[in-house]
Amino acid sequence: MFDTATIKELKERPVAPGQLLIDGKWQDSLNGATREVVSPIDGQVLTRIANADAPDVDLAVKAARRAFESGSWSDMAPAGRKAVLTRLADLIDAHKEELAVLGVRDNGTELKMALKAEPGSAAGTFRYYGEAVDKVYGQIAPTSTKAMGLISREPVGVIGVIVPWNFPMMIGAWKIAPALAAGNAVVLKPSESASLSLLKLAQLAMEAGVPDGIFNV
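Under the numbering used here, the sequence shown has 1170 at position 52, and the numbering climbs by one with no breaks.
For the record, the hints were derived by calculation from the structure and aren't laboratory data.
The list that follows gives simulated cross-link-like pairs (lysine-lysine, DSSO-like), each with its CA atoms no further than 30 Å apart:
#: 1; residue 1: K1180; residue 2: K1307
#: 2; residue 1: K1307; residue 2: K1214
#: 3; residue 1: K1126; residue 2: K1234
#: 4; residue 1: K1200; residue 2: K1307
#: 5; residue 1: K1318; residue 2: K1214
#: 6; residue 1: K1307; residue 2: K1318
#: 7; residue 1: K1126; residue 2: K1230
What follows is a set of in silico ranges between Cβ atoms, one per label pair, in the way DEER data are often shown:
#: 8; residue 1: D1211; residue 2: I1258; range: 32 to 42 Å
#: 9; residue 1: G1327; residue 2: E1154; range: 25 to 35 Å
#: 10; residue 1: A1123; residue 2: S1311; range: 21 to 31 Å
#: 11; residue 1: A1195; residue 2: T1122; range: 42 to 52 Å
#: 12; residue 1: M1324; residue 2: L1148; range: 15 to 25 Å
#: 13; residue 1: I1269; residue 2: S1157; range: 43 to 53 Å
#: 14; residue 1: S1188; residue 2: T1122; range: 38 to 48 Å
#: 15; residue 1: E1310; residue 2: W1144; range: 13 to 23 Å
#: 16; residue 1: A1265; residue 2: D1176; range: 40 to 50 Å
#: 17; residue 1: P1260; residue 2: R1166; range: 53 to 63 Å
#: 18; residue 1: A1197; residue 2: E1127; range: 33 to 43 Å
Model, not experiment: these values are computed from the prediction.
The C-beta atom is built at its ideal place from N, Cα and C for all residues, glycine as well.
Please build the complete structure, drawing on both the sequences and the hints.
Structure (structure tokens):
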């Protein structure tokens, strides 16, 4: 159950303008463009968010590539990535009411469903993949007695993640969590009509210890 007074306060809380997250820094789009965030519940304009264009995507991808190649995440010991992703899951749980209400105001999901399907599911997904980091092993391939074939699992680089408007946190977590767990860098593109909860997720990821440039939005 949730506290009614808390939910009421969250529904009325002003929403700060949203920016792009590139290389660990919140910033406006290069051309300064923004778009209104209009709640489907009552047509209220909740805030404005940066409206990215191709040059912003290029900046984010280049930042992600630099961060990946620096090894700050890809070379981190599996136990380290596990600790960060588990901490992120805990932060999602700690902010579950805020995340659920933000999503409801943004895309109109019913609150009880949102609590379970959005922060609830996202926290579980990050925790699952965090725990898998040090439990998914490589393999020794079958060979002759004169050779040894090893299969080693490695990150591939920069992962582009495109998330639809419905259940953005849940579906976003399905894509972001395994990509990060494997040591990749991520460039996330939320739906224009449901970005707010994923921007909050990015803030929590930085708080959890995801290095600059590894998670860009």
